[in-house]
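Numbered according to the working numbering, the sequence shown spans residues 333 to 511.
Think of the hints as simulated: they come from the structure by calculation, not from any bench. A quick note: this is a predicted structure, and the numbers were derived from the prediction, not measured. There may be inaccurate statements among the hints.
Stated by the list, open to error - If you anchor each label on the Cβ, the simulated ranges turn out as follows:
{"hint": "1", "residue 1": "GLY457", "residue 2": "ASP396", "range": "16 to 24 Å"}
{"hint": "2", "residue 1": "GLY493", "residue 2": "VAL342", "range": "36 to 44 Å"}
{"hint": "3", "residue 1": "VAL356", "residue 2": "LYS403", "range": "17 to 25 Å"}
{"hint": "4", "residue 1": "GLY503", "residue 2": "LEU351", "range": "35 to 43 Å"}
Backbone N, C-alpha and C fix where the C-beta goes; we use that ideal spot for every residue, glycine too.
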Amino acid sequence: EADQSNPHWVSQTDGFPSLSINAVVFDPGDPTGNTLFAGTGSTSSLAGQGGGGVGLMRTTNGGDRWELIAKPYFTGKRISSIVALKAPNGRALLVATDDYSLGSNPVFVDNPDEGGVFLSTNATGPGTPIFCNVSRINGFSPYCDVSRHSPGGVTRPLPAGTVTDLVAGPGDPHRVYAA
333 EADQSNPHWV SQTDGFPSLS INAVVFDPGD PTGNTLFAGT GSTSSLAGQG
383 GGGVGLMRTT NGGDRWELIA KPYFTGKRIS SIVALKAPNG RALLVATDDY
433 SLGSNPVFVD NPDEGGVFLS TNATGPGTPI FCNVSRINGF SPYCDVSRHS
483 PGGVTRPLPA GTVTDLVAGP GDPHRVYAA
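Whenever a hint applies, use it, and build me the whole structure from the sequences.
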């Protein structure tokens, strides 16, 4: 964390099991601008070596204190992208993961059809967030009833597999594109 009057960095996450952060996003629904999310998991070009995915981290005080949230959903997965949305009827968080998980040595191993997109409508608030599976990831439930979360939008699950990026549409911030 640094600002103009104090232009040096002070680490706030050294105590976490992994410092490998792939994605950071502000929560647009927080009028104070103090809520951020960070996704973990190495995407190193050195044979995938590096810190493993330990989950999704959240701060509600501008980065002074971070907490690991949603561990059951993301432990061992590499989070590649996060999109936070503000909607008239609430807020939503979408998290993308790839097909890789931490193996031995530590090297990441390919687990086909275990990556995908996850959705939470309560991750931006206090407490333990609940995520549902927008993709058809083997062995992961619950599946989202996506038609309930996106009226006029996606009405069927996405295919399982690596998702490298999520982007909210410029003309319609409630439309999200996945790559």
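### Message
For a quick check of understanding: which of the numbered hints are violated here, in increasing order?
### Response
none
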